[in-house]
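Make the full structure from the sequences, and use the hints.
Residue numbers (the numbering used here), protein chains in the order written: chain A, 1 to 465; chain B, 1 to 465.
These are computed hints drawn from the structure, not numbers from a lab.
Yeah, the Cβ is synthetic: ideal placement off N, Cα and C, and Gly gets one too.
Take these hints with a grain of salt, some might be off.
As the list claims (entries may be wrong) - Take a look, some chain A residues computed to stay more than 10 Å from chain B by CB distance:
#, residue
1, L5
2, P24
3, T34
4, A70
5, Q126
6, K140
7, R159
8, A227
9, D239
10, E247
11, P341
12, H431
As the list claims (entries may be wrong) - Here's a subset of chain A near chain B, in silico, CB distances under 10 Å, partners left out:
#, residue
13, Y266
14, E345
15, V348
There are 2 protein chains.
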Amino acid sequence: MSGSLELPSLSSLLPELAEYVALPSISRSADPDTMRATASWVAAQLAFADGRVVETDGFPVVRGEWMGAAGAPTILVYGHYDVQPTGDLAEWSTDPFELVVDGDVARGRGVTDDKGPVFLVLKLAQAFVAHEGGLPLNVKFVIEGEEEIGSPNLPRYVREHADELACDLVISADGAQWRPGEPSVSIASKGLVGLDVVVTGALGDLHSGRFGGTVANPVHALSTLLAGLHDADGRVTVDGFYDGVAELSPARRAEIAAVPFDEAAYAGGLGVPELFGEKGFTTLERLWERPTLEITGITAGGKYSVIPHVATGHIASRLVGAQDPEHVASAIAQHLLARAPLGVEVEVRVDDARVSAYRIDPGHPAIRAASAALETVYPGEGVLLAVIAGTLPATTLFEDVLGAKTLFFSFSTSDENLHAPNEYLRLPRIHEGMRAWEALWRLLADGEHRLAPVGTAGTTAAVTE
Amino acid sequence: MSGSLELPSLSSLLPELAEYVALPSISRSADPDTMRATASWVAAQLAFADGRVVETDGFPVVRGEWMGAAGAPTILVYGHYDVQPTGDLAEWSTDPFELVVDGDVARGRGVTDDKGPVFLVLKLAQAFVAHEGGLPLNVKFVIEGEEEIGSPNLPRYVREHADELACDLVISADGAQWRPGEPSVSIASKGLVGLDVVVTGALGDLHSGRFGGTVANPVHALSTLLAGLHDADGRVTVDGFYDGVAELSPARRAEIAAVPFDEAAYAGGLGVPELFGEKGFTTLERLWERPTLEITGITAGGKYSVIPHVATGHIASRLVGAQDPEHVASAIAQHLLARAPLGVEVEVRVDDARVSAYRIDPGHPAIRAASAALETVYPGEGVLLAVIAGTLPATTLFEDVLGAKTLFFSFSTSDENLHAPNEYLRLPRIHEGMRAWEALWRLLADGEHRLAPVGTAGTTAAVTE
Chain A
1 MSGSLELPSL SSLLPELAEY VALPSISRSA DPDTMRATAS WVAAQLAFAD GRVVETDGFP
61 VVRGEWMGAA GAPTILVYGH YDVQPTGDLA EWSTDPFELV VDGDVARGRG VTDDKGPVFL
121 VLKLAQAFVA HEGGLPLNVK FVIEGEEEIG SPNLPRYVRE HADELACDLV ISADGAQWRP
181 GEPSVSIASK GLVGLDVVVT GALGDLHSGR FGGTVANPVH ALSTLLAGLH DADGRVTVDG
241 FYDGVAELSP ARRAEIAAVP FDEAAYAGGL GVPELFGEKG FTTLERLWER PTLEITGITA
301 GGKYSVIPHV ATGHIASRLV GAQDPEHVAS AIAQHLLARA PLGVEVEVRV DDARVSAYRI
361 DPGHPAIRAA SAALETVYPG EGVLLAVIAG TLPATTLFED VLGAKTLFFS FSTSDENLHA
421 PNEYLRLPRI HEGMRAWEAL WRLLADGEHR LAPVGTAGTT AAVTE
Chain B
1 MSGSLELPSL SSLLPELAEY VALPSISRSA DPDTMRATAS WVAAQLAFAD GRVVETDGFP
61 VVRGEWMGAA GAPTILVYGH YDVQPTGDLA EWSTDPFELV VDGDVARGRG VTDDKGPVFL
121 VLKLAQAFVA HEGGLPLNVK FVIEGEEEIG SPNLPRYVRE HADELACDLV ISADGAQWRP
181 GEPSVSIASK GLVGLDVVVT GALGDLHSGR FGGTVANPVH ALSTLLAGLH DADGRVTVDG
241 FYDGVAELSP ARRAEIAAVP FDEAAYAGGL GVPELFGEKG FTTLERLWER PTLEITGITA
301 GGKYSVIPHV ATGHIASRLV GAQDPEHVAS AIAQHLLARA PLGVEVEVRV DDARVSAYRI
361 DPGHPAIRAA SAALETVYPG EGVLLAVIAG TLPATTLFED VLGAKTLFFS FSTSDENLHA
421 PNEYLRLPRI HEGMRAWEAL WRLLADGEHR LAPVGTAGTT AAVTE
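The following block contains the structure:
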């Protein structure tokens, strides 16, 4: 059933992928023309599906749909054509916008997040049309251009086009696999809420000698506030922070304990002297099942010897289970404001993006089909059920608006320098990914893993607005 | 005796001061040619004293001496021709390097720190030579070009020219008066030692979701370390930090209590909600007589949602009494290293500059002469004995090498935006300063305040190497 389609060779695929990577579609800083040119490139690849560039309040969405499989399920393929900024060019060994093949990897900004993983789906669909005259099931495409800046305009677009986007399942080409050499399907991703803590003292920076000892130092005040957010055991001290976090069941603990995880190798790979986190949980339990509160940045003063008049910290909290982003943000804010030290003013500004955690039942037909598809490509390796400890806001959006669960089916791997210099994609992943998508589509369209319409299978019951 | 010299008018002085301010002698960033041109401008003003530009290992020193007062004491006038960086030009209301007169102030980078206060001494000396054929006492000039970067090459220059620089007293044209409208003589300045605290975790920044909860966060670790440097009462917790700090005598407490100081006005002027500092001391006691430990900057991460792999804080500690900078630095370093949290590495790097506190006896003839000189210019206002809570490294250098005490005699005022945008000098200070220097020189040369040679008066006994 799978593996029967004739696929294009790498030598014919790479020049096209190089064209795509060469478009510097950095959503944080690109001009609209560059973003539109990139969207048009993707739309042209979707010519078989009436590919088109659709305006939004921000950078456009690329749409398309091939609906010729009467009676078959309808899936929505999600991905994004925008990329992260390059960061410091000096840290790149090659030009970020030139696809450079180096051994069995290809390097370039966006090649693994998310241009490569989307590209291989487009090329697979084209191969289906070329060799079989159509796809095994109905497919709608939504390739957005603002994922790397938090998808600010996607919610409105999806809400306003809910009928047009109706589907039985979303399959995301975004969201990396956990580890190389180990096929995995992700059954959850964490939510996110962020906030700035701004501590203000005097009207301006003060000479640390001529005013030292007379006023509270905002950096000292901020340090004290931030230091107090965890106890010595790494547990978050904020009252109400853990509301909605279920106790970890013995069954889940056993599942996680069964996952091969070499703590020493993990620590060594990161270059940390030892691992650290909330007491009472294993490293993998903390990573997959526990919420976190991390200080992601702090800034005050500079090289001059002053008492800075303002000190700012940013906190990112990753959420699990039924934690409510609003509730968590206000709990953190109340905690900080209640502890505002003497002599300074404390302000908390919650980020716009507030994303709940997402989870799909391991028994969902999509998970079973995805596992089976991966087994056809990676026979005998077993398929791990993993968690994406990052945040993919589109999942909850699609669940809320379309009533559709999202399956993560990316052929990126989480170690491929996503968001960092020297981003790369393992070249074998291109054909492996195409074969896996081919198998997945065939499995969902037919046979024991055929996707049930929304609402008929218990595990697909979705929250709708 | 004083006030008899014919002084040039402001209208003749300001164009020359404007020339001086127009030279952008920012020691932190200027090219050597600009610095040398500024030094040459000062040397030309010292033509009457064989003014010359002397090379050092860094930017040159301007030297000169007028030694025609046989039998009179010899003083050394110290100042600097370099200035601070402009900072953000958008915060300046006028071009920093154009002297702009606005009502009774003149604005421009360096106009009050230290170009104006040095300029008025040069013009006074020229007036003496023009109208009286010479100065009332022997004067050596040392105007350096690296004060704003910590005078890295001055110690070697002074040590290698100790014989040539021998003097009975140093008078510094640097070091602002405490408050406007209130003549003061400073009897002390604080020492300084600074250090960086660098906390390192992983090899690179980590995605806060995909790695959150598994490793210690360097920002959190740094916050905890910095928060622990003071207790809730504002006292420094570092063992050994207060070694060498004498208990405040009831007499000194009474003197300070007698100084008019409006806490509410001070807090209001700084824009802080309330004052804060070490418990058990008044604000002025803390400012003048207690050592401080301030975090002057902190940096980690940025706008991306990462666990930063490195977090850096800078600490500046101002010293009093017999505190030893080396000892304080190593006490702070030991305190921090002993508390290094799990999962990170802590490194402490002590700054090169290590300056002890400086003090001159209130009964020293120079203090009495300075007070008397100020009384002739500001009759009936009384002269306050104040402390410069900042650090003037040259003082301890001159004491150590030349065995000479330093009198601070600047006509800058500490509120004139030193080191900040829109630096200014009150115009009346120019003539007031010239009159005061005239009176001071005459008093030191003759009469009851005549300066005694080093070693003959008990209060001038100096530590020499």
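Do the hints match the structure? See the list:
For L5(A), the requirement that its beta carbon stay farther than 10 Å from each beta carbon of chain B is met, with the minimum near 33 Å. For P24(A), the requirement that its beta carbon stay farther than 10 Å from each beta carbon of chain B is met, with the minimum near 18 Å. Its beta-carbon lying about 21 Å from the closest one in chain B, T34(A) satisfies the requirement of being farther than 10 Å from that chain. The beta carbon of A70(A) is kept farther than 10 Å from every beta carbon of chain B, the shortest such distance being approximately 41 Å.
Residue-level check passed: Q126(A) sits 32 Å from the nearest beta carbon of chain B, beyond 10 Å. For K140(A), the non-interface assignment is confirmed: its Cβ lies about 28 Å from the closest Cβ of chain B, beyond the 10 Å cut-off. Consistency note on R159(A): stated as away from chain B, and its beta-carbon is indeed over 10 Å from all of that chain's, at 25 Å minimum. Against the 10 Å criterion, A227(A) falls within the reach of chain B, whose nearest CB is about 4 Å from its own CB.
Against the 10 Å criterion, D239(A) stays outside the reach of chain B, whose nearest CB is about 19 Å from its own CB. The beta carbon of E247(A) sits about 17 Å from the closest Cβ of chain B, which is more than 10 Å, so the claim that it is off the interface holds. Look at P341(A): its CB is around 8 Å from the nearest CB on chain B, not clear of 10 Å, so calling it non-interface is violated. Listed as a non-interface residue, H431(A) keeps its Cβ farther than 10 Å from every Cβ of chain B; the least gap is roughly 26 Å.
Below 10 Å, beta-carbon pairs count as interface contacts, and Y266(A) has one with chain B at about 7 Å; its hint therefore holds. Proximity of E345(A) to chain B holds as hinted, the smallest CB-CB distance being about 6 Å (cut-off 10 Å). Annotation: V348(A) was flagged as interfacial toward chain B, and the flag is violated, the nearest CB pair being 16 Å apart, outside 10 Å.
The structure fails to meet hints 8, 11 and 15 from the earlier list, while all remaining hints are met.
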